[in-house]
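Quick mapping for you: the protein sequence lines, in order, are chains Y and H.
Residue 95 in our numbering is what sits at position 95 of the first sequence, and the numbering runs on without skipping anything.
Residue 135 in our numbering is what sits at position 135 of the second sequence, and the numbering runs on without skipping anything.
FYI, nobody ran anything at the bench for these hints, they're computed from the structure.
Just so you know, these numbers come straight off a predicted model, no measurement behind them.
Misleading hints may appear alongside valid ones.
[What the hints assert, rightly or not] Here are a few chain Y residues that sit away from chain H, every Cβ distance over 12 Å (derived from the structure): (1) H2; (2) G87; (3) T379; (4) A380.
[As the list claims (entries may be wrong)] Pairs of lysine to aspartate or glutamate, EDC-like flavour, derived with a Cα cap of 16 Å: (5) H/K237 with H/E148; (6) H/K237 with H/D211; (7) Y/K204 with H/D231; (8) Y/K204 with Y/E346; (9) Y/K223 with Y/D254; (10) Y/K204 with Y/E340; (11) Y/K204 with H/D112; (12) Y/K204 with H/D232; (13) H/K237 with H/D263; (14) Y/K52 with Y/E34; (15) Y/K327 with Y/D308; (16) Y/K255 with H/E153.
[As the list claims (entries may be wrong)] Every beta carbon over 12 Å from chain Y, so not counted as near; a handful from chain H, in silico: (17) G32; (18) R72; (19) G78; (20) E180.
In this text, a Cβ means the ideal position worked out from N, Cα and C, and glycines have one as well.
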Amino acid sequence: MHISFLIHNGYGIGGTIRTTYNLASTLAEHHDVEVVSVFRHREEPVFAPSPKVRLRHLVDIRQGTPGYEGDHPDYRRPAKFFPASEGRYQQYSALTDRRIAEHLASVEADVVVGTRPGLNVHLARQTRRGPLRVGQEHLTLDSHSPQLRHELRGAYPRLDALTTTTEADARAYHTKMRLPGVHVEAVPNPVPAPALSPADGTAKWVVAAGRLAPVKRYDLLIKAFDKVRAERPDWRLRIYGGGKQKDKLRTLIDKLGLYNHVFLMGPASPIEPEWAKGSIGAVTSSLESFGMTIVEAMRCGLPVVSTDCPHGPGEIIDDGVDGRLVKVGSVPAIANGLLELINDDELRLRMADAALRDAERFDPTRIAERYESMFATLTARGGSTAAGRMRGTLHRTRGALLGGAYAVRDAGLSVLRKGHIA
Amino acid sequence: MMSLATPSAEDQHSGKDPVPPRADCVAESAGGLTFDVTGITETDEAHLVLRARDEETEVRLPLTPVDGGRLRAALPNGVHLPEGRWDVYAQVADGEPRRLVPGLNDLRALVDRSADGERTAVRIPYVTKHGNLSLRSWLRAPHAEAGELRVGERELVVRGRVHGTTLTEQAHAELRGRSESAPVMRAEVSGRDTEFAVTVPYGTLTPDVWDLWLCPTGGSGPAVRVARLLDDIVDKKPIFTYPQVSAETPRGAMAVQASYTADNDLSVTVTAA
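Excised from the complex, chain Y in its bound form (with noise of 0.2 Å):
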């Protein structure tokens, strides 16, 4: 299969870029792999996908090169195609338009995937008739605005295939917005096995990571500490990242005289030999649309407390076995959590154990083979020929499938998702 993502820009830094070159590296093991980049920024990509993977650029914005195109006049022409309630609208042109426009409308592909929803809304409605089109959500649709979702409302039903990184936000898509004949489905974010052997489960340190913003709720966490100290005094805590909170996170640390437990490390990368100092991972985030650092936890071998917030966290962790699910914003309840696992080694260890087999079910090989077969049944569906497909014709016969399908995959993935399959 030849499988082309459309990305915003491959060459920087972030969750997305680094879940979408996971994914395209490993079914490049078995397929023909692109990965076509709307901004080219810098030389090189921060994160690199396996030489398998043939990354390009559609315009190139790097400063003194020849190629330099911030200077086209249709680059300061502002987007009339991307949709402008999109976040990235500003960096979007009448160039982007034309250049993504022009690549669906020739892309030499079986399945075009696309990463946000701006890009989304090009692929539905403006690849060449032919290859399947594959929506990623990386976010949730409750994280867009109300013009955005009227916006993706018109243009999602155009794809194959819309995929969120949760069964919560694979629910709101059911609910909140007509799709019909679009095949709606969670497939997590693929996390790899880190290089590295898993945390022994003896080190005195919990572990947070992620960014310093308002949403992860670290002054939850530090309060929680707080407890914990008054309790266990020789356990201590530290929390990767760099962020807009920091000042204030310094100064809650300082004005509960916790300087000598809990240590703001700065950001880290990569982060699993971080991960793999401690014992205990903590999220007590208020809203999570996937929960990556959940997942990368668990693959060191770190059971995880976390609040049970929308949307990931309860999707990942197995309460009780493999990890810890709080109440939301509840000081109490997240220290709680934390000193439960500090103070029964045995449980620890056992929930360490389960948190490592549970997040093999994460693994890019396992998701790459759920996009597979996603993929083979929609072609198989549309019957996909030579001559190209009657996409009238694809959406009747998938909207009378619809019912039956749905209610098999449902059943399918609620046994899956614990990874509770012998």
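Based on these hints, arrange chain H on the given structure of chain Y.
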């Protein structure tokens, strides 16, 4: 085991520059380091070269083949490595040494490390701001490791542990001001065996940067710079930070701030508030 989407220092797609050799670094709790180097295709004799920043010193360690096409070098704790920053290279035969880029640094064994023996040798691998692999080394004999600090309203208490010596009845601490003609002020030390606690009352301090020294066996013995070395963090200053306090002294109001220096030694900065 897969390692996908790893940070790349070079563009693998442009084909312009060869990918530089990469080292995964594993630390042992005794302080030894192992370097696993990938990206060297030549089969001639290879060495890992540690090159000091500020002098012409070089330490050469043989790189020997191990499984998976890797070359391995070991830097045992016993190898003498003077204090300082060391850039890490790989050299094949007499070729030009190639700077190594960092892979995975597994330093978990350094966290909460407890050193024993006469000499405390610490080596922490780190990534430079240009993305290269370097090594910071410390060598102290004896050594006074700072642990928890308590920043009180009237005094600062520094708890810690000595390595390579034990405390005697005569133990005391010294605060040495950095400005010319600054006095050496004594501070009280409590504790026994290897555990110590230095109490620094704010009232005696004047505006200056005061370096904290410990004399475990009194004035006749060695003075040991109090430092924090025994973990995985190469630069303590931004991570081990302490609240600033304002103190009334006979010379007026002062702002007192404990912090680590660029060498991870402990100092107290006093400014007129």
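Structure-based check of all given hints:
1. H2: holds (18 Å)
2. G87: holds (23 Å)
3. T379: Consistent with the label, Y/T379 stays out of reach of chain H, its closest Cβ about 26 Å off (over 12 Å).
4. A380: The claim holds: Y/A380 sits with its nearest Cβ about 29 Å from chain H, beyond 12 Å.
5. H/K237 with H/E148: holds (14 Å)
6. H/K237 with H/D211: holds (14 Å)
7. Y/K204 with H/D231: holds (14 Å)
8. Y/K204 with Y/E346: holds (14 Å)
9. Y/K223 with Y/D254: Between Y/K223 and Y/D254 the Cα gap is close to 11 Å, so the pair holds against 16 Å.
10. Y/K204 with Y/E340: Given pair Y/K204, Y/E340 holds - Cα atoms ~14 Å apart, limit 16 Å.
11. Y/K204 with H/D112: holds (9 Å)
12. Y/K204 with H/D232: holds (15 Å)
13. H/K237 with H/D263: holds (9 Å)
14. Y/K52 with Y/E34: holds (9 Å)
15. Y/K327 with Y/D308: holds (6 Å)
16. Y/K255 with H/E153: Status holds; Cα separation ~13 Å.
17. G32: holds (17 Å)
18. R72: About 16 Å separates H/R72 from the closest Cβ of chain Y, which puts it past 12 Å; holds.
19. G78: holds (25 Å)
20. E180: At about 32 Å from chain Y, H/E180 clears the 12 Å cut-off, so the statement holds.
This entry satisfies every hint, going by the numbered hints stated previously.
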